[in-house]
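Q: Dock chain B against chain A, hints included.
What follows is the residue order along each chain.
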Amino acid sequence: GQSLEQPSEVTAVEGAIVQINCTYQTSGFYGLSWYQQHDGGAPTFLSYNALDGLEETGRFSSFLSRSDSYGYLLLQELQMKDSASYFCAVRANQGGKLIFGQGTELSVKP
Amino acid sequence: DVKVTQSSRYLVKRTGEKVFLECVQDMDHENMFWYRQDPGLGLRLIYFSYDVKMKEKGDIPEGYSVSREKKERFSLILESASTNQTSMYLCASRTGVTGELFFGEGSRLTVL
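Sequences listed follow chains A and B, in order. Per the working numbering, the very first residue in the first sequence carries number 1; after that it's consecutive. Per the working numbering, the very first residue in the second sequence carries number 1; after that it's consecutive.
One chain only, chain A, in its complex shape (with noise of 0.2 Å):
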């Protein structure tokens, strides 16, 4: 089977620094990536990792190590509009199949 096992609700006050994990275990492994959803809004894409190591754009960093099939988001100085669930994503194969964990809920609290 394939599982991407990721916290179900994570809590943080606005200027805080968060870090929401993932773990997955698929029977392919191409990359990694996150998403964020806005209640009632689609998800939007925020990075994508192929390897080892830690990607950063502006307050987002994400992180992944293939051997330990683990990968990271790294949200800085959080912002009530980042409250928010943020789903994990494993491309499983060359022709790109995506699967998703089932996101965890941020909140950002005054």
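In case anyone wonders, no lab produced these hints; they're calculated from the structure. These numbers were taken from a predicted model, which means no experiment stands behind them. Glycine is no exception: its CB is placed at the ideal position from the N, C-alpha and C atoms. Treat the hints with care, since some could be wrong.
Unchecked claim - Non-contacting residues of chain A with respect to chain B, defined by C-beta distances greater than 12 Å in every case (computed):
| # | residue |
| --- | --- |
| 1 | VAL10 |
| 2 | LEU78 |
| 3 | SER107 |
| 4 | LYS109 |
Unchecked claim - Partial list, computed: chain B residues near chain A (C-beta under 7 Å):
| # | residue |
| --- | --- |
| 5 | ASN31 |
| 6 | GLY42 |
| 7 | LEU43 |
| 8 | TYR50 |
| 9 | VAL97 |
| 10 | GLU100 |
| 11 | PHE103 |
| 12 | GLU105 |
As the list claims (entries may be wrong) - Ranges between beta-carbon positions, derived for each pair:
| # | chain 1 | residue 1 | chain 2 | residue 2 | range |
| --- | --- | --- | --- | --- | --- |
| 13 | A | GLU5 | B | SER82 | 22 to 32 Å |
| 14 | A | GLU5 | B | MET88 | 20 to 30 Å |
| 15 | A | THR57 | B | VAL12 | 33 to 43 Å |
| 16 | A | GLU9 | B | GLU105 | 18 to 28 Å |
| 17 | B | LEU41 | A | ASN21 | 17 to 27 Å |
A: For chain B alone, kept in the frame of chain A given last:
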């Protein structure tokens, strides 16, 4: 801007009806996807298509079929709708295999 358009935002159907969900993208993307999203279960892949007339089953294809006759259009078909298919259905498209997915606004289907 990339636009992925799903034909209906809200549908109400009866058990046993045949249901068509249409998705059109305007950026000449090769890959198109259908997911369903349910609370606590995330996005689950139903089918995806990597080219015209090419398709691959996702994790939950049972009870669904798809059609990709033209590059820009990917249809999801429920041959005989059941109440457990009540859900939010999301279509997405992408160019290449590593590019970002662009999602439509979703179609919320209720089967009575």
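Q: Work down the list of hints and note, for each, if the structure agrees.
A: These are the hints, each one checked on the structure:
no. : hint                           : verdict
1   : VAL10                          : 15 Å, holds
2   : LEU78                          : 22 Å, holds
3   : SER107                         : 16 Å, holds
4   : LYS109                         : 22 Å, holds
5   : ASN31                          : 6 Å, holds
6   : GLY42                          : 4 Å, holds
7   : LEU43                          : 4 Å, holds
8   : TYR50                          : 5 Å, holds
9   : VAL97                          : 3 Å, holds
10  : GLU100                         : 3 Å, holds
11  : PHE103                         : 4 Å, holds
12  : GLU105                         : 6 Å, holds
13  : A:GLU5 to B:SER82: 22 to 32 Å  : 29 Å, holds
14  : A:GLU5 to B:MET88: 20 to 30 Å  : 22 Å, holds
15  : A:THR57 to B:VAL12: 33 to 43 Å : 41 Å, holds
16  : A:GLU9 to B:GLU105: 18 to 28 Å : 25 Å, holds
17  : B:LEU41 to A:ASN21: 17 to 27 Å : 19 Å, holds
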